[in-house]
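Chemist: Below, each chain spelled out in residue letters.
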Amino acid sequence: MSVDRATVFRIARLARIAITDAEAERLESELSGILDWVAQLDELDTANVEPMTRVEAMTMKMRKDEVTDGFCAADIVKNAPQEDDHYFVVPKIVE
Amino acid sequence: MTDLTDLTIADAREGLAAKSFSAVELAEAHLAAIRCANRALNAYVLETPERALDMAKQSDARLAKGEAGTLEGIPLGIKDLFCTKDVRTTACSHILDRFTPPYESTVTANLWDAGAVMLGKLNNDEFAMGSSNETSFYGEVVNPWRRAGSDAPLVPGGSSGGSSAAVAARLCLGATATDTGGSIRQPAAFTGTVGVKPTYGRCSRWGIVAFASSLDQAGPIARTVRDAAILLGVMASHDPKDATSADLPVPDFEAAVGQGVKGLTIGIPKEYRVEGMAPEIEALWQQGIAWLTEAGATVKDISLPHTKYALPSYYIVAPAEASSNLARYDGVRYGLREPGKDVLSMYENTRESGFGAEVKRRVLIGTYVLSAGYYDAYYLKAQKVRTLIKRDFDQAFENVDAILTPTTPAPAFAAGEKSGDPLEMYLNDIFTVTVNMAGLPGISVPAGLSSEGTPLGLQVIGRPFDEETLFRVGHALEEAAGPMAKPQDWWSKS
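Line order of the protein sequences matches chains A and B.
First residue of the first sequence: 4, per my numbering; consecutive thereafter.
First residue of the second sequence: 593, per my numbering; consecutive thereafter.
Calculated from the structure, these hints are not laboratory results.
Accuracy of the hints is not assured; some may be wrong.
Which residues of chain B face chain A? A partial, calculated answer using Cβ under 7 Å [what the hints assert, rightly or not]:
#1 Trp798
#2 Gly888
#3 Val891
#4 Ser895
#5 Arg925
#6 Tyr926
#7 Arg929
#8 Met938
#9 Glu940
#10 Arg943
#11 Val955
#12 Tyr960
#13 Leu962
#14 Val977
#15 Pro1056
Quick reminder that beta carbons are idealized off the backbone N, C-alpha and C, glycines included.
Put together the whole structure using the sequences plus the hints.
Modeler: In structure tokens:
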């Protein structure tokens, strides 16, 4: 097993997903299975290979630094679970 | 008059121009078909009949004035991954089931600008993560095709399973879809339809719910190669809102259809002859080779030595990018919120309740491979393997114009048959995922029926931004295969 139970809980915490003990047990074997399977990439020597970043060489475009959008606060908060006067409302963070 | 839902887009375009029927009649015929079919097939997660009729009326007005666009009055289904202004867009996830975008994706905006009519939003695997449409929060889609002598439900493929099923069952003339590892081509193969994944950068990703940003591409599913070419010509555009969108002119794809394959060299990669591949898939492939040879193409054996590493590297890159993209679903700005005792538990409860099992699995894998100390061993390694996969194709394309492979290792499987084992499900994408990893264009064309009486597809892979050759070769295969059988209508209930 490349992933143990504690690691499953640690990753779930990093990913901000609450999981139960039963889920952790299942995920332990599923994640290990997937990671063991991708380990076949170790057969390849990639020491002198550049990572792929583009399909075709393309220069990133520049544009003028100017406001092109905005003034739509009502649209932005329209789908918020909780909003107040164009602010997103979240549980208290600072005591 | 023939059934309006059975027309191709090319025929419907002519019929509308000749005033044989109106855009409203065409839309009404489809809306009626959807009403009778959707309970059985579950292809649409949202029907928009009022909007459809309103758009069709406007199309009729433009047709009358001689101002028709390329897709004037053509009724389409839209995968629920495309944001549609003021129309619920969910990616078929519980976490977005109350999301109504205040903006329109570039691809759908292009379609509406060309006069197309929206029938509704189509089902898909949750966040496009799946190969069977079984991970959708809104339930599975049923393939209109069944095995001969059986009424057991088959999957329509995924993730664009609603798109493929709707096109095959005559519930729209064409549909939008997206493809990250095979999500257009595999469902097209499973339903006897044509699916095109264009070159990365051909269609704007702006306004499409993101899964894996370096792999995602939008494309069409249609019933003929010509229809797919017509749709792609409208969907594709350079878009300053997507920095990865290619600033290249969009060719007249439809003009490529029918140009024939004389003078083309088609590569046959030996690495696609995988262990355990059904003999009928091998036979179909040989049939495709024979068809193209008879049509005047030269066939050549080629080698793509890193093929077997495409799927494992995909299952690093795609989850890694997904875990990053899906971090935005935190219960604050949009979507579901589940309360918690503090902000952290609010995030955790929201994502626990909002994401399904497959999405969680991929977010967790992605989080693991990107976590401290693992980046080089996994993500960087996988991106280097992509370079090797791409290099294989670059070398092959020095000697061939296109590559022919089967689309899938087997025909459509039964619902529930593969959902127990994630790895077994992932293997469905073995022939399609290489194309995404290298950013190339690919098309799946129906080429025959399996021994079970269900559709099988052949895939053609092309050079970057050379979709035209795909349409030439795809059309030659389509012509040689003859008219595709239709699924028997068992789903309509009035």
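Chemist: Under the criterion of a CB-CB separation shorter than 7 Å, is Arg943 (chain B) in contact with chain A as hinted?
Modeler: This hint holds: Arg943 (chain B) lies near chain A, its Cβ roughly 5 Å from the closest one there, short of 7 Å.
Chemist: Using Cβ atoms only, decide whether Met938 (chain B) comes closer than 7 Å to chain A, and label the hint accordingly.
Modeler: 5 Å, holds
Chemist: Hint check: is the beta carbon of Arg929 (chain B) less than 7 Å from a beta carbon of chain A?
Modeler: 4 Å, holds
Chemist: Any CB of chain A closer than 7 Å to the CB of Val891 (chain B)?
Modeler: 26 Å, violated
Chemist: So, Glu940 (chain B) near chain A? Judge it on the closest CB pair being under 7 Å.
Modeler: 4 Å, holds
Chemist: For the hint on Val955 (chain B), just tell me whether its beta-carbon gets within less than 7 Å of chain A.
Modeler: Given a least distance of 5 Å, the restraint on Val955 (chain B) holds.
Chemist: Next item in the hint list is Leu962 (chain B). Is there a CB on chain A closer than 7 Å to its CB?
Modeler: At about 9 Å, which exceeds the 7 Å cut-off, the nearest Cβ of chain A leaves the hint on Leu962 (chain B) violated.
Chemist: Answer holds if the nearest beta-carbon of chain A is closer than 7 Å to that of Gly888 (chain B); otherwise answer violated.
Modeler: At 29 Å from the nearest chain A Cβ, Gly888 (chain B) fails the 7 Å test, so the hint is violated.
Chemist: Against chain A, is Tyr926 (chain B) within 7 Å by beta-carbon distance?
Modeler: Interface hint status for Tyr926 (chain B): holds (4 Å vs cutoff 7 Å).
Chemist: Could you check if Pro1056 (chain B) really has its C-beta closer than 7 Å to a C-beta on chain A?
Modeler: 5 Å, holds
Chemist: Less than 7 Å between beta-carbons is the criterion; does Trp798 (chain B) satisfy it with respect to chain A?
Modeler: Since the shortest Cβ distance to chain A is 12 Å, the answer is violated.
Chemist: Let me know if the C-beta of Tyr960 (chain B) comes in closer than 7 Å to any C-beta of chain A, holds or violated.
Modeler: 5 Å, holds
Checked against the numbered hints listed earlier, the structure breaks hints 1, 2, 3, 4, 13; every other hint is satisfied.
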